[in-house]
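With the numbering used here applied, the sequence shown corresponds to residues 1 to 172, in that order.
Calculated directly from the structure, the hints in this document are not laboratory data. Glycine included, each C-beta is placed from N, C-alpha and C at the ideal position. Heads up, a few of these hints could be off.
To be verified - Across the chosen pairs, the derived CB separations fall in these ranges:
| hint | residue 1 | residue 2 | range |
| --- | --- | --- | --- |
| 1 | T12 | G81 | 28 to 34 Å |
| 2 | E7 | E130 | 17 to 23 Å |
| 3 | R110 | R160 | 20 to 26 Å |
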Amino acid sequence: LQHSALETLSITLNDNYAFALTRDDILSISSAWPNLVHLTLAHAPTRSDEALPPVTTFLELANALPQLQTLVLCARFDCSGRDNWRDASIPPHPLRQLFLGLDQETGSYRPDKTWRALAAVLERCFPRLELKYDLVQPEAVGAQAMETWRDVLHHLQDIRSGGRRSLSPPGF
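Construct the complete structure from the given sequences, taking the supplied hints into account.
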């Protein structure tokens, strides 16, 4: 299904239609549709026998699609190994709208630190990224995915405001 002139692809599957995206699936998007500006693949991700795509996969995709302005990927990205990806970077990219499905189970025993580290990567790579919470509907991706992404965006907002919100729970 290659189409080099395609600029917008939007697929939203409601009612618990689910499939898994692998790292190879995600990276093949840029060769199939190299001129994408808006990409939405919103669905309830499912488990697969293959490993979850590492969170840095979306950076590779964005870097390969220099015109991309909107990216919605519900691939259950693996956020483990924070020390290996927290310094990840690509040249500043024009992406303005983003939603990532993140695997809650790989957010480490301190998910707040993981989401803040991801927010720092977003700020470094996507300086024009808008803090939009409504790119997908909970019916398509699940309430937990929405809540996790809101946490990441709250950290991004805090970073942009120059804050250093505590990563420890109140009372510690």
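Going through the hints against the structure:
Separation of T12 from G81 is about 30 Å and conforms to the stated range, judged on CB atoms against 28 to 34 Å. Checking the proposed 17 to 23 Å range against E7 and E130 shows it holds: the Cβ atoms sit about 19 Å from each other. Remark: the range hint 20 to 26 Å for R110 to R160 is upheld by a beta-carbon distance near 22 Å.
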